[in-house]
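S.K.: Protein chains in written order, with this note's numbering: chain A, 1 to 112; chain B, 1 to 110.
These aren't lab readings, by the way, just hints derived from the structure by calculation.
Heads up, some of the hints might be wrong.
[As the list claims (entries may be wrong)] Heads up, simulated DSSO-like pairs for lysine-lysine below, C-alpha to C-alpha not over 27 Å straight-line:
hint, chain 1, residue 1, chain 2, residue 2
1, B, 109, B, 37
2, B, 109, A, 57
3, B, 57, A, 57
4, A, 57, B, 42
5, B, 42, A, 13
6, B, 37, B, 57
7, B, 71, B, 22
8, B, 22, B, 109
Quick caveat, the model's predicted, so the values are computed rather than measured.
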Amino acid sequence: KAGVTQTPRYLIKTRGQQVTLSCSPISGHRSVSWYQQTPGQGLQFLFEYFSETQRNKGNFPGRFSGRQFSNSRSEMNVSTLELGDSALYLCASSLVGVQGYTFGSGTRLTVV
Amino acid sequence: GENVEQHPSTLSVQEGDSAVIKCTYSDSASNYFPWYKQELGKRPQLIIDIRSNVGEKKDQRIAVTLNKTAKHFSLHITETQPEDSAVYFCAGTNAGKSTFGDGTTLTVKP
């Protein structure tokens, strides 16, 4: 079966711009979580969506937002980009959220 | 919220030796503890997991133990091989949210 698909793979944006990242989970998986991975901070939880509802939220500023569609696909949006937002953004899906994730390959965002 | 601490941050072993990585968690409501392996430039992949009603689980050369009272769990890799070299992450999960440790870089020297 197809894995978790994230698009785009790479992005370069300028400070102040906004960006939208997309994630298509494994078919049948209803839980989608987003993580930010940086060398110094490890894997930081952004949010989790289940059946189109945000069920959990991490400690990121309101510039980070997301949504989930009826087909379980999810998008993450970051507005007013800052240099510190440069990171690998990983999407992970699971059947119901209380089990192991399958991660996508990530979107590497560089803010210049 | 949950806080997961992972030790050591780096671990170097000789091929064939065992490797042990330890994690502690703070939220007694966490009930699922997965371990992920991330090779350089690749996505994290689930290698083993344990639920709070189980004390130990094995899968070939890897095993995980959980001590709920002490709130710690460990990953054990026996007969290490060079292909085990990677970053390993533990996580504590409660109600759909996994909180990760900072990772352990394991190097297996041939």
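S.K.: The structure should be examined with respect to each hint, and the outcome stated for every one.
M.R.: Here's how the hints hold up against the structure:
no.	hint	verdict
1	B:109 <-> B:37	holds (18 Å)
2	B:109 <-> A:57	violated (40 Å)
3	B:57 <-> A:57	violated (30 Å)
4	A:57 <-> B:42	holds (25 Å)
5	B:42 <-> A:13	holds (23 Å)
6	B:37 <-> B:57	holds (17 Å)
7	B:71 <-> B:22	holds (11 Å)
8	B:22 <-> B:109	holds (21 Å)
Comparing the model with each earlier hint shows violations of hints 2, 3; every other hint is respected.
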